[in-house]
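Based on the hints, put chain B in the right spot on chain A.
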Amino acid sequence: MHFIVCVKQVPSVEKVRMDPETGRILREETPFMMNPEDRNALEAALRLKEDNGGLITAVSMGPPQAEETLREAVAMGADRAVLISDPALAGSDAFVTSKVLARAALKLAPFDLVICGSRSADGEAGMVGIQLAEELNLPQVTWALELKVREGVITAKRKIDGGYEIVEALLPAVVTVIGEANKPRYPTMRRIVEACKRPVERLELSDLGLQPEEVGLRGSPTRIERVFRLERRRKGVILRKPAEEAAREVASIILRELAKE
Amino acid sequence: MDFELTEEQKMVRRTVREFAEKEIAPRAKDYDEREELPWELIKKLFEQGIMGSMIPVEYGGSELDSVSQTIAVEEVARACASTAMTLSIHSSLCSYAILKFGSEEQKEKYLPRLAKDTVAAFSLTEAEAGSDPSGIKTTAKMDGDEYVLNGTKIFVTNGEDAGLIILFARTDTGDPRRALTAFLVEKDTPGLRVGKKERKLGVRAASLTELILENCRVPKENVLGGVGEGYKVALASLDSGRIGIAAQAIGIAQASLEASIKHSKERVQFGSPIAGFQAIQWMIADMATEIEAARLLTYKAAYLRGRGVRFTLEASMAKLYASEVAMKAARNAVQIFGGYGLTRDYPVERFFRDAKCTEIYEGTSEIQRMVIANQLLR
Numbered sequence: 003m004h005f006i007v008c009v010k011q012v013p014s015v016e017k018v019r020m021d022p023e024t025g026r027i028l029r030e031e032t033p034f035m036m037n038p039e040d041r042n043a044l045e046a047a048l049r050l051k052e053d054n055g056g057l058i059t060a061v062s063m064g065p066p067q068a069e070e071t072l073r074e075a076v077a078m079g080a081d082r083a084v085l086i087s088d089p090a091l092a093g094s095d096a097f098v099t100s101k102v103l104a105r106a107a108l109k110l111a112p113f114d115l116v117i118c119g120s121r122s123a124d125g126e127a128g129m130v131g132i133q134l135a136e137e138l139n140l141p142q143v144t145w146a147l148e149l150k151v152r153e154g155v156i157t158a159k160r161k162i163d164g165g166y167e168i169v170e171a172l173l174p175a176v177v178t179v180i181g182e183a184n185k186p187r188y189p190t191m192r193r194i195v196e197a198c199k200r201p202v203e204r205l206e207l208s209d210l211g212l213q214p215e216e217v218g219l220r221g222s223p224t225r226i227e228r229v230f231r232l233e234r235r236r237k238g239v240i241l242r243k244p245a246e247e248a249a250r251e252v253a254s255i256i257l258r259e260l261a262k263e
Numbered sequence: 051m052d053f054e055l056t057e058e059q060k061m062v063r064r065t066v067r068e069f070a071e072k073e074i075a076p077r078a079k080d081y082d083e084r085e086e087l088p089w090e091l092i093k094k095l096f097e098q099g100i101m102g103s104m105i106p107v108e109y110g111g112s113e114l115d116s117v118s119q120t121i122a123v124e125e126v127a128r129a130c131a132s133t134a135m136t137l138s139i140h141s142s143l144c145s146y147a148i149l150k151f152g153s154e155e156q157k158e159k160y161l162p163r164l165a166k167d168t169v170a171a172f173s174l175t176e177a178e179a180g181s182d183p184s185g186i187k188t189t190a191k192m193d194g195d196e197y198v199l200n201g202t203k204i205f206v207t208n209g210e211d212a213g214l215i216i217l218f219a220r221t222d223t224g225d226p227r228r229a230l231t232a233f234l235v236e237k238d239t240p241g242l243r244v245g246k247k248e249r250k251l252g253v254r255a256a257s258l259t260e261l262i263l264e265n266c267r268v269p270k271e272n273v274l275g276g277v278g279e280g281y282k283v284a285l286a287s288l289d290s291g292r293i294g295i296a297a298q299a300i301g302i303a304q305a306s307l308e309a310s311i312k313h314s315k316e317r318v319q320f321g322s323p324i325a326g327f328q329a330i331q332w333m334i335a336d337m338a339t340e341i342e343a344a345r346l347l348t349y350k351a352a353y354l355r356g357r358g359v360r361f362t363l364e365a366s367m368a369k370l371y372a373s374e375v376a377m378k379a380a381r382n383a384v385q386i387f388g389g390y391g392l393t394r395d396y397p398v399e400r401f402f403r404d405a406k407c408t409e410i411y412e413g414t415s416e417i418q419r420m421v422i423a424n425q426l427l428r
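First to last, the sequence lines map onto chains A and B. For any residue, its number in our numbering is found by taking its place in the first sequence, counting from 1, and adding 2. For any residue, its number in our numbering is found by taking its place in the second sequence, counting from 1, and adding 50.
Each hint should be verified, as a subset may be incorrect.
[Unchecked claim] Distance condition first, Cα-Cα at most 25 Å in a straight line; then the derived DSS-like pairs of lysine-lysine:
hint, chain 1, residue 1, chain 2, residue 2
1, B, K166, A, K185
2, B, K187, B, K94
3, B, K60, A, K199
4, A, K17, B, K315
5, A, K199, B, K350
6, B, K93, B, K166
No lab work stands behind these hints, which were simulated from the structure alone.
The shape of chain A in the complex, shown without the other chains (with noise of 0.2 Å):
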């Protein structure tokens, strides 16, 4: 089986040094790291692999220093490393993210499992993995917990509002892990020195057959308007009634709100 793991280099949230006057990150004060989710996608790649047998590969788009986590990957256990880089695509919204992923998805088929952390730590917007799989128009899995492989089909238990449902789809397909879903293993010694002897593959846009106005900052439809804080106020409300009184409150309290936004 051939396991495709995308991965992101993010920012270490805790770490994140940010320049007063410009709000941007400072990238030399900054330490990386792999996304939190894709360690965790990594993870339920390598035990699919244990189970199943078969390859993984890891794929990132993002600049040259973006191999670290690549390898960082290879260290955890992935086969082969890929890095798409290229000036062009500095700028990115997720929605050109996932249309160049699922060109590098292509190039590197055959695959039978794209798997993805269901969202990135800087960003959070959760769109990569989605949009992915109509890009490579297959059938998808998110939020997924666990995940077993058997005669082409997978079947997944993944989370939802208030507990988790079981469901199956055919290969291949994509998933999006999440990070209860497993603990990732740290990388072995012995593996940071192979990990770090090994080559990462590269892609430019010339080999995804893109043109450089489809993707970055002119080919994203995005626009980001402001960043601001999200302040929520919730307040519990427990009513002390009988049920019908109860929900003809609950529904005139809706109304009330609704009515206010």
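For chain B alone, coordinates are given in the frame of chain A:
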């Protein structure tokens, strides 16, 4: 000249740091209080290839470069100095000794075990012999194909946990400079038992014990580095061991600095975080400067070790300086924490106790100065 760490060294730091932060640091206080390293943790350190970091791949080790090994000890010490102690003795001292002085048969027999599941210990000290090994009383007498060892060793780090001990005994040849021989002694050898376990000031979770030898028979193949070569084996191995202790000291100092920075930004007195006061700022500035200097000295010694050239002078300088920097950093950390620093609710009192130990074992500061002066004045 290049001050940039290699990709391997950076990844080793990231990985061991994360492992130590998640798997060791939350339990370090508990290990210290129970005065015991759990085997569960040691097992994980073996699985990650951290215990086998010094050992070549052909013997099942991870064969990190010399600076990476040092970084691994430093990062473990930043979380728990006791765990780093066990690791440093096992790798920087004992694995190195076998690599440097072992015969091919000894390497094939012991290094794979040291990479996989067997902790090593180094036993030189006796009641009347510490810095001066000429006072060693433990004897090894040839009897057939075996040596018969008798005597009592003290202050053996990992004494309780080790499966293999590099043990020094007197094999008198008439020449006082060739009076000692190093032996590879397996823990389950009849006639060897663990005696008293010391209750220490610091690095409490790493065991420190007596070893008692009563007609303990060791095959002659287990002589390490040749009969009468004990001094040479001990001194050269301790050169490498001292790089490990320097790294351990840097880890403790770094933890002290980080705790000081965090606390001084949070603690408010006279209407301002104490980080705003120059008295605190100067302590923090000195700590950071001295830690950086200690780190550079230590990495340089490690780099020389990796190149296979002599590093006695640099290792002693690194050990001397780093341990004294650790002591000062930990003392200032306790000072910055004030009354809280005296309590066991905060880790700085542990750093303080641990740091003191680094100035003593594997050659006191005074011995290091002697070694350094001897190197310069000979």
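Those earlier numbered hints the structure runs against, lowest number first: 2
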